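Visitor: Take a look at the letters that make up each chain.
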Amino acid sequence: MTGKASGPLLSVAALLGLWVVAAALTADPQILPSPLALWQPFVRELSTGTLPHHLGATLVRVAWAFVLAMLLGTAIGLAMGRSERVNRLLDPWLVIFLNLPALVLIVLCYLWIGLTEAAAITAVTLNKVPNVATVIREGARALDRDLDAMAKVYRMSATTRFLHVTLPQLAPFLAASARSGIAVIWKIVLVVEFLGRSSGVGFQIHMYFQLFDVAMVLVYALSFIGVMLAVEWAILQPWERRARRWRTA
Amino acid sequence: MTGKASGPLLSVAALLGLWVVAAALTADPQILPSPLALWQPFVRELSTGTLPHHLGATLVRVAWAFVLAMLLGTAIGLAMGRSERVNRLLDPWLVIFLNLPALVLIVLCYLWIGLTEAAAITAVTLNKVPNVATVIREGARALDRDLDAMAKVYRMSATTRFLHVTLPQLAPFLAASARSGIAVIWKIVLVVEFLGRSSGVGFQIHMYFQLFDVAMVLVYALSFIGVMLAVEWAILQPWERRARRWRTA
Amino acid sequence: QDLPVIRAAVLQIGTVNWELTAIRENGFDTEHGFDLEVQGYADNAATRIAVEGGEADMAVADWIWVARQRAAGKDYVFIPYSKAVGALLVPEDSEAEDLTDMAGGKIGIAGGPLDKSWLILRAYAQQEYGMDLKAETEQVFGAPPLIFKSGLSGDYAGSINFWHFLAKMKAGGMRELVSVETAASELGLDPDTPLLGYYMKEDFIEAHPGIAQSFYNASRDVKDMLADDDGAWEAVRPQMNAKTDAQFEQLKADWLAGAPARGPVDAEAAGRLLALMAELGGEELVGEATTVPEGLFADVQ
Amino acid sequence: MGDPAAVGTAGEALADGMIRVDILSKRYGRVPVLGPVHFRIAPGETVALLGPSGIGKSTILRILAGIDTDFEGCVSRPEHMAIVFQEPTLLPWRSALRNLTLANAGLSEAAAREALARVGLKGRGEAFPGQLSLGQQRRLALARAFAGRPELLIMDEPFVSLDAKTAETMIALTETLIAETRPATLFVTHARAEAERLADRILELRGEPATLSPHLVQTEGYD
Amino acid sequence: MGDPAAVGTAGEALADGMIRVDILSKRYGRVPVLGPVHFRIAPGETVALLGPSGIGKSTILRILAGIDTDFEGCVSRPEHMAIVFQEPTLLPWRSALRNLTLANAGLSEAAAREALARVGLKGRGEAFPGQLSLGQQRRLALARAFAGRPELLIMDEPFVSLDAKTAETMIALTETLIAETRPATLFVTHARAEAERLADRILELRGEPATLSPHLVQTEGYD
Ligand SMILES: Nc1ncnc2c1ncn2[C@@H]1O[C@H](COP(=O)(O)OP(=O)(O)OP(=O)(O)O)[C@@H](O)[C@H]1O
Ligand SMILES: Nc1ncnc2c1ncn2[C@@H]1O[C@H](COP(=O)(O)OP(=O)(O)OP(=O)(O)O)[C@@H](O)[C@H]1O
Ligand SMILES: [Mg+2]
Ligand SMILES: [Mg+2]
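Residue numbers (our numbering), protein chains in the order written: chain W, 3 to 251; chain E, 3 to 251; chain R, 7 to 307; chain L, 2 to 224; chain P, 2 to 224.
If you are wondering where the hints come from, they were derived from the structure by calculation, not from laboratory data.
These numbers were taken from a predicted model, which means no experiment stands behind them.
Note that beta-carbon positions come from the ideal geometry of N, C-alpha and C, so glycine has one too.
Any given hint could turn out to be false.
Some chain W residues well away from chain L (every beta-carbon gap over 10 Å; in silico) [stated by the list, open to error]:
hint : residue
1    : A24
2    : A77
3    : D148
4    : P170
To be clear about the criterion: a stretch of chain E counts as covered by chain W if any three or more of its residues have a C-beta under 8 Å from a C-beta of chain W, and this derived list gives those stretches [as the list claims (entries may be wrong)]:
hint : stretch
5    : 97-110
6    : 215-228
The following label-pair restraints were derived from C-beta to C-beta distances [stated by the list, open to error]:
hint : chain 1 : residue 1 : chain 2 : residue 2 : range
7    : W       : A26       : R       : P270      : 55 to 65 Å
8    : E       : I33       : R       : V11       : 20 to 30 Å
9    : W       : V69       : R       : D198      : 30 to 40 Å
10   : E       : G228      : L       : H39       : 52 to 62 Å
11   : E       : V14       : R       : E31       : 50 to 60 Å
12   : P       : T70       : L       : T182      : 45 to 55 Å
13   : E       : L20       : R       : E300      : 33 to 43 Å
14   : R       : D198      : W       : L73       : 56 to 66 Å
15   : E       : R147      : L       : G30       : 29 to 39 Å
16   : R       : E98       : E       : W41       : 32 to 42 Å
Isolated chain W (complex conformation) (with noise of 0.2 Å):
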């Protein structure tokens, strides 16, 4: 076990590394600072509850729009996958909101519903839908067919046949959409917050990228980061383990 978990660890240890040598030949604090700069201003932050306020803001609206977000994504995904009349009919949809600028749903979002909470996340979850949907739906497009009709011979129930025959042959596209999605939508999130609330790790960054003060912006996004690395290794990787243990076995 130590062995096995001593791998991230050192490669974090490798990154700091990195990171402190890239300052040093850098040597200037206000476009890279080293990592032990940043100490101080955030456990100032920390222990001032500004952190803990702008970092929980985002949180939740990353974790809304998140679950949101693969719910629609999902289904729709699914829905074009196993059906190529939905698919001819979505598929121009899909392909326009995609590539629809963030920067426009978001303005639309806050100009429609109000700079609210819910336009806010609204927003997020439009611009993130299509991202969910394109990958599940290649997804649906490769499920076994065989699998299928033993199902359907076997007159399994709908949930059945969703838990235990599509999800886990999905299972790989969600954990990479999921994977890749949280970390899109927080970049939204940021675009978001910047656009029109006045809290959140967004607000915040862009603050202080228009004060110059890099240092800042890195503790907030690191913070950020932090709480991922924290539920990769608390949640999505054991999960997965579990979910590819007949992979290995």
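Let chain W serve as the given structure and place chains E, R, L and P with the ligands on it in line with the hints.
Guide: Same frame as chain W, but now just chains E, R, L and P with the ligands:
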């Protein structure tokens, strides 16, 4: 053929119809102009050559970043998916780079490399590589071991194995990451352009957005989407149909 | 008694916030019969969406932008705030003496090709030296902080930025080659025309008669207080993000220098500026506002 | 034309419990694989289907099971079926035990373990299909089909990949099942001995497109 | 301990062309599946491997082929092998023809068509594996193994899922191939008749963990 082709056209028409209705309901051309109101500015931008100039600049950036990100991302994803050791080493890097805000990477690239084309393309590529790698890694993990064994026993060359054993299995994952990839790249290119380039669709969109000129923002956004629809219909979908022929035969 | 509330959407770190905070902290708002609520945003665009979306009653913009919106049908009204404008700065060791020395070099510009300072400088170069500044230099447009940073590192022959970044660049040793104020006077424009101001929707003003004047009074009170009393700046200082005393002094001086004279905007002088802008920036900049739209400037005394 | 086993048809035909297969023709693309194929299976009857490799046996089974609906003709069958495909077709991500209980909704875990033991997989309930030998997977597929007490049992070469002794056990098991629950059974085999032992009747496919070779079609009597 | 067929070992052992299998033990997880299994195959010799389902036959073939290297013992084998897996294991996204030419680098298209014809798949060269019946897929897998003229031929139940006539053709084809190119051959079967007809020698696996049943191990003579 005509019956099949009419599906997408119909659905684009439906989307246009929806837009007309929404515009009529909004009744404020500054918030949501009707599609008709875009025609004149579009023609004007086209004839002065402004739109082709900026669209061209953006497309070049998107193309470069796309090719680089797909190549690098596929290589990294494959390596991580096939070797648990490589995965353990690189996984934290992947999570970190996946969740590093685009803004941070872009600003750092601009500051280090300068406000140049190379910096812009590097920034976009770095933003996108972890996304591709995440998706391809899942694909690599799902590779069929029996086919691998077969390829080994029959001493297939590395190229043959890659082209005829690995690639077809990765195809859904490649299609997913290519499609959602272009979309993400173009969204990041927009940010890159408004932060530090003097040309490109993103530059124009941001400028018109500052002027609150939604019509022009839409003209530029939709021009790019038009190009993407063309790419989708002329290149991606025919290729996909070919690659998927064995499934439906 | 319920006072009318003005919800102001401003850049969290904007210089306008210094004034608004001072208004609230010194109770100038209630004194003049309204309650001020400040919403901080991270980007200018956000403040505009807030007003348009009805989440705020007031934001900050230059009046040319407001004129454009008004001409396009929005009922925005402008209340003057500052006449601070930009300048073109050159690196400390630059040997440039006037704009002609920029020829063949790079100019870093925050705010894009329609930036007003850039346009005025172009007109000035044309009139003064017969020089096409746009054709004879290479322009690098970038986000203000990036222009600030690369300008300081000496990447450009000249830099044009927003005034508070300029103040920091000056504090960092850069030298002012030509100020937009000078250029504007040379072009026959009135340098006292305040470019920057608050804007509100007309129906908001109608719903609360006299609110524009009340707000303007409060704004003037703060300006007078800060001009007279150095000590009052200490309360503002934490917001100013000045890293050094030099930066603090420069920001303070530039802010005070930007305070316009009390009174309404001279519509005629504004008309001349707008005409020049329309000529230089074209429809892209001014939209349908080729002349100052009726009722653009609030009649504040 | 093709009325592929509409529920109405099925209900009607099943008044007498008779399974009717009336295929007029079946093509893949433009290649006709099956010509007219008509037969009946009475409840409790066991029918073997013989024919050379590639003639269309699996195609007929798929049509009967309702998996393939793209043919000309019509088919009536009971609701409650079980099938043994030519390949095991298990859920590789679920344990042997779950493969049984998921496919047979009412099956208790104890009954599933019992079913595993009967096909010689005692104690392997927690194994994933990938951890079983191919012969073990095939036996698991048999157990899955037998566990549900179906009205119609369809089997595609159920006893290959098994050594003589195991095959004998499986055949005996099949006989027991058929004797106990009396499903209508249609199975494909290449071993005539197997067919003669288990089946009441043998159908043989011949020709191109394939039809039932005339001298063996004894179904007219049921019409 | 486990020195799984290092190239050095392989080269050395092959000085005399002899194929040596010396398995000490093989476990899956903690379950031992194979005990000591030692045998030799001389060039040109054909050996059949028999044993009940699930005993470990496929496991031995996989170890011999170098697919499974996670065992204790050592194995030496020639470079140039061909294998027929228990399941067809074709590339579903490549045509039948490409499946032959991709696995056999030197094979011309004409030769591949010829090979298809010999296993009764004439004219089906453009079909994807999914468009073939299982028996046809198995024959394609046989054609793939035969086309390369290997030094070592490994076959896992090559003739199941085929009707008697087709099976006979395939067995005859195998005999021809063995006579022509004289590969060392190891094959698994459940049909003793098949084993006796093709093989020079029969090995039988028994027990748990499985070992070669003593009276049939005639390999000592080769040592
Ligand atoms: N990955 C695995 N994990 C655990 N046990 C396994 C695994 N693979 C195979 N086994 C077990 O090893 C034993 C031997 O398997 P093998 O496939 O070699 O059998 P076999 O002799 O080829 O049987 P058959 O004739 O049914 O194909 C079986 O009992 C099987 O359940
Ligand atoms: N999807 C398809 N497209 C084209 N031809 C097909 C397709 N599926 C099957 N065939 C052809 O139809 C014929 C009948 O196939 P089927 O699987 O029913 O044969 P079978 O009698 O079960 O043979 P086997 O004993 O080998 O399993 C074969 O010649 C096969 O090549
Ligand atoms: Mg068949
Ligand atoms: Mg086996």
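Visitor: Now look at each hint and say whether the structure bears it out.
Guide: Hint check results:
1. A24: 44 Å, holds
2. A77: 22 Å, holds
3. D148: 5 Å, violated
4. P170: 4 Å, violated
5. 97-110: Per the Cβ count (11), the hint holds.
6. 215-228: Contact hint for the stretch 215-228 of chain E vs chain W: holds, 6 residues under 8 Å.
7. A26/W with P270/R: 55 to 65 Å: Check passed, 57 Å falls within 55 to 65 Å.
8. I33/E with V11/R: 20 to 30 Å: 25 Å, holds
9. V69/W with D198/R: 30 to 40 Å: Given about 56 Å between the Cβ atoms, the range is violated.
10. G228/E with H39/L: 52 to 62 Å: 57 Å, holds
11. V14/E with E31/R: 50 to 60 Å: Given a distance of about 56 Å, which is inside 50 to 60 Å, the answer is holds.
12. T70/P with T182/L: 45 to 55 Å: At roughly 47 Å between Cβ atoms, T182/L and T70/P fall inside 45 to 55 Å, so the hint holds.
13. L20/E with E300/R: 33 to 43 Å: 37 Å, holds
14. D198/R with L73/W: 56 to 66 Å: Given a distance of about 59 Å, which is inside 56 to 66 Å, the answer is holds.
15. R147/E with G30/L: 29 to 39 Å: At 32 Å between Cβs, range holds.
16. E98/R with W41/E: 32 to 42 Å: 52 Å, violated
In the structure shown, a violation is registered for the earlier hints numbered 3, 4, 9 and 16, in ascending order.
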